[in-house]
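**Q** What follows is each chain in one-letter form.
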Amino acid sequence: MKRLTKKHILFTFMALLLLLLAACGGDDSNNESSDAAGNEEGTEEENPETTLTFLIDNQTVTDGIDAVAAEIEEKYNIKTKFEMRPGGTEGDNIVKTRLATGEMTDLMWYNSGSLFKALNPQEYFLDLSGEAYMDRLTDEFKEAVSVGDAVYGIPGEASSAGGWLYNKKVYEELGLEVPKTWDELMANNEAIKEAGKVPVVASYKDTWTSQLVLLADYYNVYSNNPDFANQFTNNEAKFADTPIALRGFEKLHELQEAGYYNDEESATGYNDALEMLANGEAAHYPMLTFALAAIADTYPDAIEDIGFFGQPGDDPEDHGMTQWLPGSIYVNKDSENVEAAKQWMEYFISDEGLETYMSVMKANGPYVVEGVELPDDAYPAVKDMTAYLEEGKVGPALEFLTPLKGPNLEQITVETGLGLITPEEAAEKYDRDVERQAKQLDLEGW
Amino acid sequence: MKVNKVYSYALLIPAGLIYGLLFLYPTIMSFFFSFTRWTLTDWEWIGFENFIMFFEESSLMIGFKNTFIFAFLTAGLKVVLGLILAVILTSQLKTKRFIRSTVFFPVLVSTIAVGIAFSVLMHPSEGLINQTLGLFGINGPNWLGNPSLAIYSVAFVDVWKGVGIATVIFIAGMMSIPKDYYEAHQIDGGNKLNAFWYITLPLSRPAINAVIILALIGGLRTFDLVWAMTGGGPGFSSDLIASIIYKQYQAGFYGLSTAGNVILFIMVAVIVFPIFKFLNRREVDL
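Read top to bottom, the protein sequences are chains A and B.
Quick note: the first sequence uses this note's numbering, first residue 1011, plus one each step.
Quick note: the second sequence uses this note's numbering, first residue 6, plus one each step.
Read the hints as simulated data drawn from the structure, not as lab findings.
Among these hints, one or two may not hold up.
The list that follows gives simulated cross-link-like pairs (lysine to any residue, SDA-like), each with its CA atoms no further than 20 Å apart [unchecked claim]:
(1) A:K1449 with B:F60
(2) A:K1415 with B:G257
(3) A:K1106 with B:D47
Treat the numbers as computed from the prediction; the structure is a model and nothing was measured.
Sequences are here, hints too, so could you generate the full structure?
**A** Have a look at this one:
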């Protein structure tokens, strides 16, 4: 009797295991067969039309790409079939899996910078450095999509920047000028506060917005020590013991200490902040310039009054902005339609292609293609950005230079902005957060 | 020992399969993955490193403190308020059916919806709660924005939402107390308070125990309400163990967050099991 029970239990477990294995196996073969079927359909079609597949995340606005793709279809009979994937880390996993299993689409949309470089591009993507249009792309951009001498991507959108959006009407009313140093900015804040307006909006209900004062300060770190990002990645430099990097946390704290933030920071959200800035209740909002599209959408009358300046440092001669590089389009090296894909890319980055793109999409910042002027109806804040570009006073944001960005940064910057911890404590906390991430990523030197 | 075996053990297989596949297998795997550096597609054995790293988390102490405050506070309040409500609702009240439904209604609403609704109600200046307080000349606090108050505000909402379940369990317990006891008590000339203290309370013990255990377990692993209302903020001030684990998962630290879950599992077991034993010992048979 007892034996029988044991046997049965054993049997149950074996059956269970078998079922598990069968379930896993079944899944795989299903995927393969359906994919294979899809490919055959593409190749078996007899007409000269080519179809390119294009993997893109579902958070990027694709109106511009759609428009250009439609033109390409008309001109070259190359169809573009979009495949959607989620954004964020979940999307990263999909991209990595599809690359590893050789099932990547012909064209692919992905971040530029460290995230892209972490994909091991030499193995998977077509080197475009020989293409004629490469000369037109700015060096900073090319740097972000290159490994060694090979360049792999073209920009799929305009760049954007992190810095201070400000209300020009408030500045006019109070007779203020765009600050060139942090002290001038603080003096402006004082004047704005005396006039009974909110100098700086803190929208900590959407915690991610709290990081901007720190992240947008990176130009100042970059111009002081261009190699900081490398040292940071290699565990050689820390926020806590690099005074210029620590300044970002200190600035966040100084604004709080001086009482320049609005009341009810933790009940104010991103949309509330845009409203306060647009209707002139507040003068400044440290933000990414993609917020301009949201302002133009919700407060179309106010967009003309919104300007932009980079977060200033201490040297008036060295006032620059921190740039967020655009997402890029890459070609799958093993694609069967490499020639068509190359043609697609060439048209996309041509003057005609860009014109079509710009007629549909308004830029959040300058294009990283040389010789492409912003259209006259660009947002005024975007025009403010071009001045920095012309002077060459631009540095990429830290996240384009290193794979490290501690996941708890937004909570730490909220704590700093609310005055719960000192800037030194914040920097130390963040360094620990980064250390944990580096260990989980298994980076060398940690 | 001869058991009259009517059904074959083979009949257990369907249930066994479901249990094994959906509960046993993931549990065992999570113990395994908690010892690895895991990217979902790839893993590497790293021993206890995840556990060490989890305990080094700077906000972990806040998380433990908040989890205990939250679990014991909400469990206590649910028992006390639930008892009071249950006594009222088992009396001869005319509108008792209506009130019973009203008390139970919040249980049916999605936690996330409750969280969002209350975070609007608790807005420091535009929220209904503070505006109402303002009518009486009281300057209401910043319920969710004040770091030392946030966790209590969330606990309050959790009690509001969860007290209905407790009340229903208590009502069921009280209804099953035979009327004879009350009649005997009446003949002896006892008053209402005595009846509650010496009859209702001891005989509702099984119900009270069930509520305490359920509320404690629920409180120790609460996550959704806190996430919807404060996201663990401001800063880390209302983080619970569960929200710390979630943030680690979000960051892609799959091994680390699995280790956190194993720790949470052990913690809940270590706290709840002795309490369960203790409470059951004191149960009175009807």
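**Q** Is it true that the CA of A:K1449 sits at most 20 Å from the CA of B:F60?
**A** The given pair, whose Cα atoms are some 15 Å apart, holds under the 20 Å limit.
**Q** Are the Cα atoms of A:K1415 and B:G257 separated by 20 Å or less?
**A** Measuring from Cα to Cα gives roughly 12 Å; hence the hint holds.
**Q** Please verify whether A:K1106 and B:D47 have alpha carbons no more than 20 Å apart.
**A** holds, 12 Å
Of the hints listed earlier, there is not a single one the structure fails to meet.
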